[in-house]
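Protein chains in written order, with this note's numbering: chain A, 1 to 66; chain B, 67 to 132; chain C, 133 to 198; chain D, 199 to 264; chain E, 265 to 533; chain F, 534 to 802; chain G, 803 to 1071; chain H, 1072 to 1340.
By construction, these hints were calculated from the structure, which means they are not laboratory data. Don't take every hint at face value.
DSSO-like cross-link-like pairs, simulated, lysine-lysine; straight-line CA separation at most 30 Å [as the list claims (entries may be wrong)]:
| no. | chain 1 | residue 1 | chain 2 | residue 2 |
| --- | --- | --- | --- | --- |
| 1 | G | K1057 | H | K1326 |
| 2 | H | K1224 | E | K519 |
| 3 | G | K1029 | E | K519 |
| 4 | H | K1326 | E | K417 |
| 5 | H | K1224 | H | K1207 |
| 6 | G | K955 | E | K417 |
| 7 | G | K955 | G | K938 |
| 8 | F | K788 | F | K760 |
| 9 | E | K400 | E | K417 |
| 10 | F | K788 | G | K938 |
Which chain D residues stay away from chain H? Per the calculated CB distances, all over 10 Å, these [claimed, not checked]:
| no. | residue |
| --- | --- |
| 11 | M199 |
| 12 | N204 |
| 13 | Q209 |
| 14 | T214 |
| 15 | T215 |
| 16 | A217 |
| 17 | S245 |
| 18 | A250 |
| 19 | D253 |
| 20 | E256 |
| 21 | F260 |
| 22 | G262 |
| 23 | G264 |
Computed footprint of chain F on chain E; a stretch qualifies when at least three of its residues, placed anywhere within it, have a C-beta under 8 Å from a C-beta of chain F [said to hold, decoys possible]:
| no. | segment |
| --- | --- |
| 24 | 361–371 |
| 25 | 407–418 |
C-beta: ideal position from N, C-alpha, C; glycine also.
One-letter residues, chain by chain:
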Amino acid sequence: MKVFVNGEQRQCPDRTTIAALLRALELPEGRIAVERNREVVPRSRHSDTELAEGDRLELVRFVGGG
Amino acid sequence: MKVFVNGEQRQCPDRTTIAALLRALELPEGRIAVERNREVVPRSRHSDTELAEGDRLELVRFVGGG
Amino acid sequence: MKVFVNGEQRQCPDRTTIAALLRALELPEGRIAVERNREVVPRSRHSDTELAEGDRLELVRFVGGG
Amino acid sequence: MKVFVNGEQRQCPDRTTIAALLRALELPEGRIAVERNREVVPRSRHSDTELAEGDRLELVRFVGGG
Amino acid sequence: MNGEGSPASRAPGRSLELGGVAYGSRLILGTGKYATPALMEESLEASGTEIVTVAVRRIDLSSGGRGSLLDSPGLSRYTILPNTAGCYSAEEAVRTALLARELGLSSLLKLEVIGDPRTLFPDVEGLLQATRVLVKEGFTVLPYTSDDLVIAKKLRDAGAAAIMPLGAPIGSGLGIQNRNHLRLLLQEIRDIPVIVDAGVGTASDAAIAMELGCDGVLMNTGVAGAKNPVQMARAMRMAVQAGRLAFEAGRVPRKLYASASSPEEMMIE
Amino acid sequence: MNGEGSPASRAPGRSLELGGVAYGSRLILGTGKYATPALMEESLEASGTEIVTVAVRRIDLSSGGRGSLLDSPGLSRYTILPNTAGCYSAEEAVRTALLARELGLSSLLKLEVIGDPRTLFPDVEGLLQATRVLVKEGFTVLPYTSDDLVIAKKLRDAGAAAIMPLGAPIGSGLGIQNRNHLRLLLQEIRDIPVIVDAGVGTASDAAIAMELGCDGVLMNTGVAGAKNPVQMARAMRMAVQAGRLAFEAGRVPRKLYASASSPEEMMIE
Amino acid sequence: MNGEGSPASRAPGRSLELGGVAYGSRLILGTGKYATPALMEESLEASGTEIVTVAVRRIDLSSGGRGSLLDSPGLSRYTILPNTAGCYSAEEAVRTALLARELGLSSLLKLEVIGDPRTLFPDVEGLLQATRVLVKEGFTVLPYTSDDLVIAKKLRDAGAAAIMPLGAPIGSGLGIQNRNHLRLLLQEIRDIPVIVDAGVGTASDAAIAMELGCDGVLMNTGVAGAKNPVQMARAMRMAVQAGRLAFEAGRVPRKLYASASSPEEMMIE
Amino acid sequence: MNGEGSPASRAPGRSLELGGVAYGSRLILGTGKYATPALMEESLEASGTEIVTVAVRRIDLSSGGRGSLLDSPGLSRYTILPNTAGCYSAEEAVRTALLARELGLSSLLKLEVIGDPRTLFPDVEGLLQATRVLVKEGFTVLPYTSDDLVIAKKLRDAGAAAIMPLGAPIGSGLGIQNRNHLRLLLQEIRDIPVIVDAGVGTASDAAIAMELGCDGVLMNTGVAGAKNPVQMARAMRMAVQAGRLAFEAGRVPRKLYASASSPEEMMIE
């Protein structure tokens, strides 16, 4: 199925969890926050939250800023 | 019946019109604007607008200001 | 004989007067002031003031300034 | 004889030295500078400098200032 | 860009246009605080203004309603610009505006929604609400606002006919406190007039506002509070014209060092 | 005392008096740096000035001496104020002054003794020497000086006919850099005119100088260097008048807080 | 009242309290725009700050998510203050705030709702909306706002933990543009800290903010953009302390004239 | 060149050198106007100064000469800098200087020749005369002068060991009134120290002087006249250091517009 990650379209198997997606993207669990369809998904729910067709994900982190 | 004019309570005969009230108060029709219960009453309606018990009237004019 | 006019060396006949010099230079008498060896020579003396070898003359006028 | 000390007239015996005057005035030698008739008298000369009739002395010290 | 506008930037020469009417004078005067009506009329005349502000207040019933400002025949020649001074909410300002229109039969309005009694600074939230309502009601709204250009853009987008940022607190006479904010506002708001309202204390303050590129200046205390209001009114008239002319003429650039105004050659030796 | 003078303080209304002559205009203009003589004449006329400064320079012998400034017929109506611009010593300034008198047949003089080429700041020591000499010679000396009031008092005591402190470096257009020094100088020098000379860049600068209580303003680059000199000349004329009127009118005192210009009672409820 | 506060007025000496935590340093630093992480860490250390701001941005998927700011071990000792920089609506700012909390596990937030891209001035309407939402959500909201005291009072009443008015546009280095507005704001907002956020370009700007009575200063470009950021960080640390001490010490009143610091009697004659 | 000097321009980091001696502190303090000697000593200590100014006055004969300032043991650690405050002529200043040397056995001197009692502005003519005499006499002359760079160059050429321009009238606390004059002076006088003497009222004034590139600051009333002199002394110590560090660090350039301190890409959508 396809989802949108930080605005880019991506393919992933059905019922992929957020945790699985992060692993697939080789992203460290820590220091990343995830928003799914404009709702934050707390880290504690990453492994039991399954993605659905067309989900829009935002993966963010802290960067230098004023 | 009693009405409130610029915050002061006044007695006047039943079915008094705004025009009559202004005459009674010896106020010139011109250069005065009238608000009745927070609605402006145009000059053209002064003579056919009858006051009711407890009406709140604001009679205003222009003064010097910046 | 030679004299210096506004810093430039010039040749002129002996006993040349300032008036004669101005004529030779095709300069109008008016609107010019003359200094000879650091002394102003009033216009009234131009025709009877004879130059001497090595005299230093400044011929000036008004120009735009602030 | 009389001398002037800081503008005030004072009596003192003839041939009084500056050192003697300071003692008479109960002033500590140190931290005082002496000017006699507009000339500074160095401390080393206080004891052999005799005053003369009408001498004008300035006795000064440091005070707080900016 | 030296931040001081330029003839190109804000319609040089064009007169001040408000509600489709063109005015020759760029100075708007208040009618408050004068010792006598005569002094007020003389000052207004000396100022050359064509628009004067007035306030809306309750009639004093005991007085038999005499002494309305508009009894002064001298005022008949001016465009009357009613204000909503003293209103602390959008709703109060709207009511006052409707009464003003009934009084003046014109829809020109200086809109004030005050947010603080000590500084008389505007409540820009309430100001935006009231502007939206009154524009729908057909008013030509001239809002007294802060020097915040984001609010200015919202007021313009809400249909305000001009932006009237304060230079300093009303009646303070402190002059333009933040030229940079005003400069930035002027660069953003180009399609409707920008009129400095409040804070002008003396002639140079008015000239500075105009040199920055403002389209006009509105003042009351600066004139009425002067020792000699009539003379100050004359001064303000000239200062506004001088500032506008200077803005259009395009000032000489600033330099840290000197540059001689007389030739540096051909000196005597 | 708000430090801004007052009608009482400096002969309100009186015209500008220099060398026993009264002038209606308080603006003195330079004649340098104009693109064309015509532009200069038009600018002088627009400014309303009655006095113009000129410099003394060597004739270019190759040119056959044509093109003296005074060939411009338009200048005949003005009082000519020769300067000693470019002189770096009292002696040079005195020689230039004597030549200027021979040229102009008048003893009015703008005395400059420059002390630094980059800022064109005056050498006040040399200025005092030259003033003493030239006053003896019968000149009406108008010295271009710093804003140092001690020097100003010495120049006055030496017989200067006015004090002309700089507002900022010549041609810099930075405006009055030190209002407090100028204020203090004005409080001290009350018997002869004080004319701000140099630094005025735009109309409000001139207005500010006059509001501080100066008796006049002298400028050149501020007008000649503007994009449109004629229009700027008009602006300066009005700004000087506006500033003077405001000074005489007596400005409203400054306040930190607001004071309402409309009545605060009788609001609707 | 010289308008410069006084020890009495704003809790002298007390440390800066935000969200119930007391901080010894009154200086908050941004982490943007440094040439290298090492330079940033050294600058933060030199500044003595205890709180640093960070931004929330998308991960660059190609980079494999490396290079999060918090990889710098040097940051672990600081309180992290996430911002919502770059958000142009309340809704966007709220989403960013929720993501920031998820990232940082803290509810401290520097709230920005920008209203104009060229000046980065706040949209105070949107700022108020977002503040109301986020306070309900349990955030400790530090809003970046204008110097408008009416908005400041509304932010306080909406539950903001501090008011952070700009001194000048972000990154402009222009210093406090409107001291009078800031002074008036400080006199009104006494129960929560006021922190100047944006515009500080050099040490004296920070000192001035503190002398006016501000409780703290937040800056980024002023340090990161200096030729030598570490040295400027040291300068800012001292300037904030100097300004605060001066505020508490109570400065000497200003005088127009001189007053001798050495005795005027007992001179020699 | 932003007119604010740069590390390159004035020997960054080097300590303040006067008469061949290097001092770690760039702050010089006066000893006048303190309520008690103890308060003075505590303030001097808090300021970190190494040089203190003193005045020369007649002994009060009635007092038996007790109470010389130097009786304060606390002063022994400082370099004593006698002044000629109160002298209105070169001759009086020279006499006072010679007495001071006899008292202090040092040739360091703060030379004042006052020209006006109300402003205490220097008489720069007399100052130059006295400087020439005292330099011949072997003094290390530190003249208190105006911000006139032409005079400053003459003082330097006469052998002055530093230039000490006033920032504002002595004791006025007005701060640096003319930054542009000071900037120009600093660009000209590079071989000897420039120390702002007089006018500093609060910490930021001192920081500004140092940021302009001055080598030091001398003050008395700013500290002694504060409500809490000891705390203000501490503030001044830090402010001078902060200003110097900022000057050496090289401030960020000023911009009219904003420049974001957080990245403008990678926003969430």
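So, against the hints stated earlier in the document, which numbers end up violated here?
1, 8, 10, 12, 20, 21, 22, 23, 24 and 25
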